[in-house]
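So the protein sequences, as listed, match chains A and B.
Under the working numbering, the residues of the first sequence are numbered 1 to 114, in order.
Under the working numbering, the residues of the second sequence are numbered 115 to 225, in order.
Calculated directly from the structure, the hints in this document are not laboratory data.
Hints may contain errors.
[To be verified] Derived pair list, reagent style DSBU-like, types lysine-lysine, alpha-carbon separation capped at 35 Å: (1) Lys117(B) <-> Lys53(A); (2) Lys22(A) <-> Lys183(B); (3) Lys53(A) <-> Lys166(B); (4) Lys18(A) <-> Lys38(A); (5) Lys166(B) <-> Lys41(A); (6) Lys40(A) <-> Lys117(B); (7) Lys22(A) <-> Lys38(A); (8) Lys166(B) <-> Lys40(A); (9) Lys41(A) <-> Lys183(B); (10) Lys40(A) <-> Lys22(A).
[To be verified] Away from chain B, derived, C-beta distances all over 12 Å, residues of chain A: (11) Lys19; (12) Cys68; (13) His77; (14) Ser94; (15) Asn100; (16) His104; (17) Asp107.
In this text, a Cβ means the ideal position worked out from N, Cα and C, and glycines have one as well.
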Amino acid sequence: DTEVTQTPKHLVMGMTNKKSLKCEQHMGHRAMYWYKQKAKKPPELMFVYSYEKLSINESVPSRFSPECPNSSLLNLHLHALQPEDSALYLCASSQETGGNQPQHFGDGTRLSIL
Amino acid sequence: DAKTTQPTSMDCAEGRAANLPCNHSTISGNEYVYWYRQIHSQGPQYIIHGLKNNETNEMASLIITEDRKSSTLILPHATLRDTAVYYCIVLRDNYGQNFVFGPGTRLSVLP
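Just chain B, same shape as in the assembly:
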């Protein structure tokens, strides 16, 4: 599976958009980009995933560059409850779901 790199930590003001970047320069054509987050003392929570096109759901938007070598997770209006570790994972299709979590980005939403 392709390796991902993310900033170790980020801060965001409450009510502002949080933009979390992820680099996956060795991604292959059939590999999906997944985002999860983990709030302290809870299991990882699925946020969104995509292959080529930008995706949006009730939680966030995922912007994937045209060459697919990087992506950005956007939380449009961050709240204090969005403080968590955010993991970007690249997973190959039809490979058996071998998620390899990187260190992730610790997002702190500040009042």
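The shape of chain A in the complex, shown without the other chains:
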């Protein structure tokens, strides 16, 4: 069982829809991350939040909008997505950023864009 909870597990949406992915952790971690994983490919980092502030944006298109309302929650707001955005979206957290801090991942939201 993972300590990082992601909802929903599956999401199907049209290209004109607006939806949000939610990630929650109660381990007291102060760093949280979004990754995107296409089929049969490794995860790719999208965003990093440290102490509720965005610290890394890996040149992600603006149709993906992250939000960190508090230290336990991380959202990813989706708008006007394209079919190529269909993927598994993974959330992770770590105690803090830094090299000696393992990241703990949720099981992801599988997103399909029609």
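Chain B: place on chain A using the hints.
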């Protein structure tokens, strides 16, 4: 971050030790070696990490060569549930946790 290279795939007999190699020849002195695995339809699972010394936990052992240019993850008694993709990642300390996953090694544990 240092680049890593791993075999594309490996097989291991159930009950035997699985030894997964990783080359990271451009690693710097303050870069940690991390291992994760991903079982189909799940998120990556943290296994172990280390800097210079060998490490062991309840899941696996990590052997890092003295020059730190390569490492081996050892699963001492592989089970069918260990079938997964195993990722070796090198992460610089105090850099902000920018994990860059390589293609990984697909380990198949055979009965």
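Now for the hints, and whether the structure bears them out:
Between the alpha carbons of Lys117(B) and Lys53(A) the distance comes to roughly 28 Å, so the proposed pair stays at or under 35 Å and holds. For the given pair, Lys22(A) sits about 39 Å from Lys183(B) by alpha-carbon distance, which is inconsistent with the 35 Å threshold. Of the supplied pair hints, the one linking Lys53(A) and Lys166(B) holds, its CA atoms being roughly 32 Å apart against a limit of 35 Å. In summary, the hint linking Lys18(A) to Lys38(A) is supported, as the alpha carbons are separated by about 21 Å, within the 35 Å threshold.
A distance of roughly 29 Å separates the Cα atoms of Lys166(B) and Lys41(A); the hinted pair therefore holds under the 35 Å criterion. A threshold of 35 Å between alpha carbons decides the hint, and for Lys40(A) with Lys117(B) the separation of about 20 Å falls inside it, so the pair holds. Only pairs whose Cα atoms come within 35 Å are accepted, and Lys22(A) paired with Lys38(A) is accepted, the gap being roughly 19 Å. For the suggested pair Lys166(B) and Lys40(A), the alpha carbons sit about 32 Å apart, so the restraint of at most 35 Å is met.
For the hint pairing Lys41(A) with Lys183(B), the CA-to-CA distance comes to about 25 Å; that is within 35 Å, so the pair holds. Taken as a hint, the Lys40(A) and Lys22(A) pair is honoured in the structure, with Cα atoms around 24 Å apart against an allowance of 35 Å. For Lys19(A), the shortest C-beta to C-beta distance to chain B comes to about 20 Å, beyond the 12 Å cut-off, and the non-interface label holds. No Cβ of chain B approaches the Cβ of Cys68(A) within 12 Å, the least distance being about 15 Å, so the stated non-interface status holds.
No Cβ of chain B comes within 12 Å of the Cβ of His77(A); the nearest lies about 21 Å off, and the non-interface call holds. For Ser94(A), the non-interface assignment is contradicted: its Cβ lies about 6 Å from the closest Cβ of chain B, within the 12 Å cut-off. The beta carbon of Asn100(A) sits about 6 Å from the closest Cβ of chain B, which is not more than 12 Å, so the claim that it is off the interface is violated. Under the 12 Å C-beta cut-off, the non-interface status given to His104(A) relative to chain B is violated; the minimum distance is some 6 Å.
Against chain B, the non-interface label of Asp107(A) is violated: not every CB pair exceeds 12 Å, the least being about 5 Å.
Hint compliance for this structure: hints 2, 14, 15, 16 and 17 are not met, and every other hint is.
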